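> When you get a sec, could you build the whole thing from the sequences and use the hints?
In the order they appear, the protein sequences are chains A and B.
Numbering-wise, my numbering puts 186 at position 186 of the first sequence, and it's gapless, one number per residue.
Numbering-wise, my numbering puts 431 at position 179 of the second sequence, and it's gapless, one number per residue.
Hint data in this document are derived by calculation from the structure and do not stem from the laboratory.
Quick caveat, the model's predicted, so the values are computed rather than measured.
We put the beta carbon where it would ideally sit given N, CA and C, even for glycine.
What you were told as hints is all true, and nothing was included just to trick you.
Facing chain B, from chain A, some residues (calculated, C-beta under 8 Å):
hint, residue
1, Asn146
2, Gln148
3, Ala149
4, Glu151
5, Leu152
6, Met153
7, Lys154
8, Val155
9, Leu156
10, Ala158
11, Glu162
12, Lys166
13, Leu167
14, Tyr170
15, Trp247
Computed far set for chain B versus chain A, every beta-carbon distance over 12 Å:
hint, residue
16, Glu258
17, Ser259
18, Met398
19, Ile427
20, Ile454
21, Gln462
22, Ser469
23, Arg486
24, Asp489
25, Phe496
26, Arg498
27, Arg504
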Amino acid sequence: MSERLKQRLLPLTALLSILAIWAAVVHWFDIPEYIVPSPVHVARTLIRDFSVILRNLWPTALESFLGFFIGNLASIALATVFVHWKTVEQTFFPLAIIIRSIPIVAVAPILVLMLGNDMTPKVVIAALICFFPTLVNMVKGLSSVNPQALELMKVLSASKSEIFFKLRLYNSLPYLFAALKIAASASVIGAIVGEWIGSTEGIGALIIQATYNFDTGLLYAAITAACVFSVLFTVAISWLERRVVKWSPEIG
Amino acid sequence: MSALSESVSVDNVSVRFDSDRGTVTAIESISFELARGAFLSILGPSGCGKSTLLRVVADLIPPSGGDVSLFGSTPAEVRKRRDLGFVFQDAALLPWRTARQNVELPMEVGDGANLAKGGPSASDLLELVGLGKWHDSYPHELSGGMRQRVSIARSLVTAPKILLMDEPFGALDEITRDRLNEELLRIWRETGTTILFVTHSIQEALYLGQKVLVLASHPGRVREMNEPDLPDERGLDIRESAEFVRQAAHLRALLETC
Ligand SMILES: Nc1ncnc2c1ncn2[C@@H]1O[C@H](COP(=O)(O)OP(=O)(O)OP(=O)(O)O)[C@@H](O)[C@H]1O
Ligand SMILES: [Mg+2]
Numbered sequence: 001m002s003e004r005l006k007q008r009l010l011p012l013t014a015l016l017s018i019l020a021i022w023a024a025v026v027h028w029f030d031i032p033e034y035i036v037p038s039p040v041h042v043a044r045t046l047i048r049d050f051s052v053i054l055r056n057l058w059p060t061a062l063e064s065f066l067g068f069f070i071g072n073l074a075s076i077a078l079a080t081v082f083v084h085w086k087t088v089e090q091t092f093f094p095l096a097i098i099i100r101s102i103p104i105v106a107v108a109p110i111l112v113l114m115l116g117n118d119m120t121p122k123v124v125i126a127a128l129i130c131f132f133p134t135l136v137n138m139v140k141g142l143s144s145v146n147p148q149a150l151e152l153m154k155v156l157s158a159s160k161s162e163i164f165f166k167l168r169l170y171n172s173l174p175y176l177f178a179a180l181k182i183a184a185s186a187s188v189i190g191a192i193v194g195e196w197i198g199s200t201e202g203i204g205a206l207i208i209q210a211t212y213n214f215d216t217g218l219l220y221a222a223i224t225a226a227c228v229f230s231v232l233f234t235v236a237i238s239w240l241e242r243r244v245v246k247w248s249p250e251i252g
Numbered sequence: 253m254s255a256l257s258e259s260v261s262v263d264n265v266s267v268r269f270d271s272d273r274g275t276v277t278a279i280e281s282i283s284f285e286l287a288r289g290a291f292l293s294i295l296g297p298s299g300c301g302k303s304t305l306l307r308v309v310a311d312l313i314p315p316s317g318g319d320v321s322l323f324g325s326t327p328a329e330v331r332k333r334r335d336l337g338f339v340f341q342d343a344a345l346l347p348w349r350t351a352r353q354n355v356e357l358p359m360e361v362g363d364g365a366n367l368a369k370g371g372p373s374a375s376d377l378l379e380l381v382g383l384g385k386w387h388d389s390y391p392h393e394l395s396g397g398m399r400q401r402v403s404i405a406r407s408l409v410t411a412p413k414i415l416l417m418d419e420p421f422g423a424l425d426e427i428t429r430d431r432l433n434e435e436l437l438r439i440w441r442e443t444g445t446t447i448l449f450v451t452h453s454i455q456e457a458l459y460l461g462q463k464v465l466v467l468a469s470h471p472g473r474v475r476e477m478n479e480p481d482l483p484d485e486r487g488l489d490i491r492e493s494a495e496f497v498r499q500a501a502h503l504r505a506l507l508e509t510c
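The following block contains the structure:
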């Protein structure tokens, strides 16, 4: 068996085994459907309520995309400011670390109160979740350049912007993508958490409704849809990484 | 002595570093003169200020005292004109650029594009350092010795009048180092550029240099400007000659009392 095939087959086998054990446990112990549904029931709901789920996936997807985009763009911009103005970094980086330790999920209700009930608070929460990991990685990537390469740029009389675009930015890309892969799934979590509070649409809202109605089939189906979306999002970023970071021996 | 505009002149140069723990004098009152087109080896114990001296000549750090003149100009002027090349111990290639793109870097930054003076092409230079087949390889696909060749090609792409090399072969095995030493001498003869070459190795210093500047440490200062009586046309077998062996013993004795 080829190594590649093995890499695909092994996790797939594990997934199928878990589903089988889940089905068996639910069946043997006679667990009521409203507590834990069987995977077959979840699959059936997924097909039956596909249009409902899809309709609710769109806002969640849009919010996580927007949050991902805004949050990462802001942290890339701030990291760029930090590496060029040391005083700004010394002033704000410790502050950023403190703010980062505030659990975003816990402040979600505050943001909803402040920003109203439309898409805005969800996008903001998703953006905030993406912001800090990317900021930390980006600062590291932009500043951890080979000191001799930096001296080379000075020998060549390179300007600050040339040093940035020809050296620092490239140097930061592997660090950036490592953060983006985390941010992709984190932004989905952010959007869903935002939808938990007083929302009428989105996967988060669907989860809350299904829970209140003891409709566990729909609950699990909604979670599955969010999972699939989150995985696809991460895979897309990995794909992009392989296109962009062609030089790194670890990737590819 | 040659006219000032035709030589490298280091006059009474000192460098002091201020830190929290006080002032370190890295080099003190170093003076020497070198004719255009010469090859100078700089030899000395670790920490004696060899890298610091090269950095002053390259205008990467300012001297605390004294003057450097390169062919009648200041190092800053020479650097801006792209008449100065620098080769680092770690090849310092940019990993996201192929060998050829690395060699072309100097023409893309600063005034490089405007100053393109019909010098050698990247392909010619890669050919010159024996990497004709490796133009499109990324640094991680090359061995340490090959990377260092790319970095030498990069330093030559501006056709510099002076080339500063800071232990470029320090991390390589002996066989590779020997081969690159031979190649460097060939390149030096073909290009006629002035070379300042820092090394820890007595053999390397003697084999490459027409002159060997020996530094003493704490603070770094000139111990001796040595001019061995060896033929300019030389192969690696020169290292077995009586004069070479005698000079090597002399340099070793000097270093041991530095
Ligand atoms: N940026 C700096 N700040 C403070 N001290 C420095 C700095 N650079 C060098 N020094 C000091 O200056 C002295 C000379 O350093 P330098 O790197 O020039 O030595 P070297 O001869 O190149 O050594 P090696 O052979 O190990 O490379 C050392 O004592 C070192 O600690
Ligand atoms: Mg050194």
